[in-house]
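I would like the entire structure built from these sequences, with the hints used as guidance.
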Amino acid sequence: MTSRTAEPATRPAEHAADLAAAHTLLSCYLREVAAPDGAAETVDGILRIRLPRLGLTLACRLARVSPVLAHRYDGPVRCRPTEGASTRRLPDLPEPPAADTPVDGGQLARLLAAELTARTGLVNDEFVEQVLGSRDALATLLRRRPSRDPTPTGDPVVDGYVDSEQSLVYGHPHHPSPKWRSGDPTSWRRYAPELRSTFRLSWLAVPTELVAGDGPFDALIAPLDPPAVPAGHHLLPVHPWQLSLMPPTDPRLRRLGPAGVPIRPTASVRTLYAPSVDLFLKTSLHVRITNCLRKNARYELTGAVALTHHLSTVTLPTRVGLLREPAYRTVDLPGADEAYGTILRTGVREHLRPGERVVLAAALAAAPLAVPDPFDWWRAYVELLVPTVLRLWLGHGVIHEAHLQNVLVVLDPDGRPVRLILRDLEGLKLDLSRLTAWPDRVPRQAAYTPAQAARRVIYCLFVNHLAGLAGALADGHPGIEPRLWQTVRRAVETAYAHLGEPAELAPLLDGAPLAAKANLLVRWHRAADQQASYVAVPNPLGGAR
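Numbering (UniProt numbering), first residue to last: 1 to 545.
Just so you know, the hints here were simulated from the structure itself, not pulled from any lab data.
Predicted model, so just to flag it, every value in this text is computed and none were measured.
For glycine and all other residues, C-beta sits at the position ideal for the given N, C-alpha and C.
Certain hints may be false.
Unchecked claim - The list that follows gives simulated cross-link-like pairs (lysine to aspartate or glutamate, EDC-like), each with its CA atoms no further than 16 Å apart:
id, residue 1, residue 2
1, Lys-295, Asp-100
2, Lys-295, Glu-426
3, Lys-295, Glu-350
4, Lys-295, Glu-356
Stated by the list, open to error - Ranges of calculated distance between the beta carbons of each label pair, as one might list FRET restraints:
id, residue 1, residue 2, range
5, His-525, Arg-189, 47 to 53 Å
6, Thr-208, Gly-476, 51 to 57 Å
7, Asp-332, Thr-494, 25 to 31 Å
8, Arg-353, Ala-13, 38 to 44 Å
9, Tyr-299, Ala-13, 38 to 44 Å
10, Arg-444, Arg-144, 40 to 46 Å
11, Asp-225, Arg-119, 51 to 57 Å
12, Asp-225, Arg-288, 29 to 35 Å
13, Pro-36, Asp-510, 30 to 36 Å
Shown next as structure tokens:
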């Protein structure tokens, strides 16, 4: 994970961005290639990674050693010839380093690309460009991010929540290009959550005969202060960036321009939040952000409402809530249905009591987390999250992608977690082996085999979520990470007993490796996100039952 040590004020944003890019890239390569190949070792707090096909060794000092290879790095990445190996000359690095030499993010990207080409036989002419594009985007964010929110509502609970959504400046700590976005950077800056942006929705007037949708869409958007709708039409809110990228070509679709209450982009960029109305809009956005083109496919639109209905039949724990997705609307024309489809999502206020506040879990994991009693705080958190996700899966066949961006944390006045809120039904899947019948109107794309279900739960819950948050607590309280994983193990053991000792949890408790999504290899192979491979990472929960 990227070093969280603050850069001195005299250093430019470009230096901080380059160092972060190098650390993140090294972290990905360690987890997905070097560790599985047995080409990495840590000695005296220094990580060393061999590039056997180039005859080089990379090294970086570790500020924190993680049991799941989610280290925190400190200082530059260095490169030297591997002792006893012959080095290979590269076009972008005319002379291999004769001795221990620092390498910047661009040089590291080119080195790893050359090693991957030799290892896989594939050439990816996008890879280095995407890594450098992400680095440059991060530098822009570091230079331009306002020191405080320029458009607060005055409600500290709402403003604190918005701040958490817009705080993920460095992005995914295990993605080779976490801030890469397709298109001209001047086009996305206006809509970047990291720049604390605010804007208004754009609106289309769609003839009634071309409207497709479900749920109480008009009633939910009425508080957004939309423009007047022409007779015989229905309103459709659209991300303004999307209209600039894909303007309507059918003359029957009428552009009404920007209007309505102020809107704040959330961490996902394309999902927008209206603080004054407490409503989310998950819009289509034909922009590649990290791995995917962020559009709403037709089955995702219909599935949002159908899964919301299905989840209403599932009893959640009393201290766990869900942001429902009760309505969608789109244009019933080929191409336009995915270009302009919008899902409405319910807000956070109904889940809060006086004195409480809500934050995005990923925001808690993005910086050192110092709390008065880290073990009490962690125990409360784990006892909310772990039983919920495991019971949904093994008790109801529901696989919620509980990664850090899909969970909101409700904190009491003392900052202790008291409730969780789950969100985003796009990635929600149903385990076929645990359903007696397929739910009505839920698209078949939501089906998972038992193996897919187990892999996705283990990655999202343990590797992405708990490892990220445990690392943040260990950054705030050095040396406690092993004890944090003991707490997780006890929570899994308790769930295992309460759920009737399901076979799916036995390997986890017996020390079988965890599964981590291979984001670097997905990008290297230019594969669709659904085709992502997974790699094994150490299991920190301990030995056999």
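* To do: Mind checking the hinted window 47 to 53 Å against the Cβ distance between His-525 and Arg-189?
  => violated (30 Å)
* To do: May I ask you to test the hint 29 to 35 Å on the CB atoms belonging to Asp-225 and Arg-288?
  => holds (32 Å)
* **Cβ distance range 38 to 44 Å for Tyr-299 and Ala-13, holds or violated** => holds (41 Å)
* **Pairwise beta carbon distance, Arg-353 to Ala-13, judged against the given window 38 to 44 Å** => Taking Cβ atoms as reference, Arg-353 and Ala-13 lie about 40 Å apart, which means the hint holds.
* Does Glu-356 lie within 16 Å of Lys-295 when you go C-alpha to C-alpha? -> Given pair Lys-295, Glu-356 is violated - Cα atoms ~34 Å apart, limit 16 Å.
* Asked: Regarding Thr-208 and Gly-476, is the given constraint of 51 to 57 Å on their beta-carbon distance met?
  -> holds (56 Å)
* **CB-CB spacing for Arg-144 and Arg-444 relative to the 40 to 46 Å hint** => The hinted range 40 to 46 Å holds for Arg-444 and Arg-144, with Cβ atoms some 44 Å apart.
* Pairwise hint evaluation, Glu-350 against Lys-295, where the allowed Cα distance is 16 Å at most -> violated (28 Å)
* At the C-beta level, are Pro-36 and Asp-510 separated by a distance inside 30 to 36 Å? -> violated (20 Å)
* Asked: Are the Cα atoms of Lys-295 and Glu-426 separated by 16 Å or less?
  -> Given that 16 Å is the threshold and the Cα spacing comes to 11 Å, the pair holds.
* Confirm or reject the claim that Asp-332 and Thr-494 have a C-beta distance inside 25 to 31 Å. => Once the Cβ atoms are compared, 49 Å apart, the range 25 to 31 Å for Thr-494 and Asp-332 is violated.
* **Distance restraint between Lys-295 and Asp-100, which requires alpha-carbon spacing of 16 Å or less** => violated (46 Å)
In this structure, the earlier hints numbered 1, 3, 4, 5, 7, 13 are contradicted, and the remaining ones agree with it.
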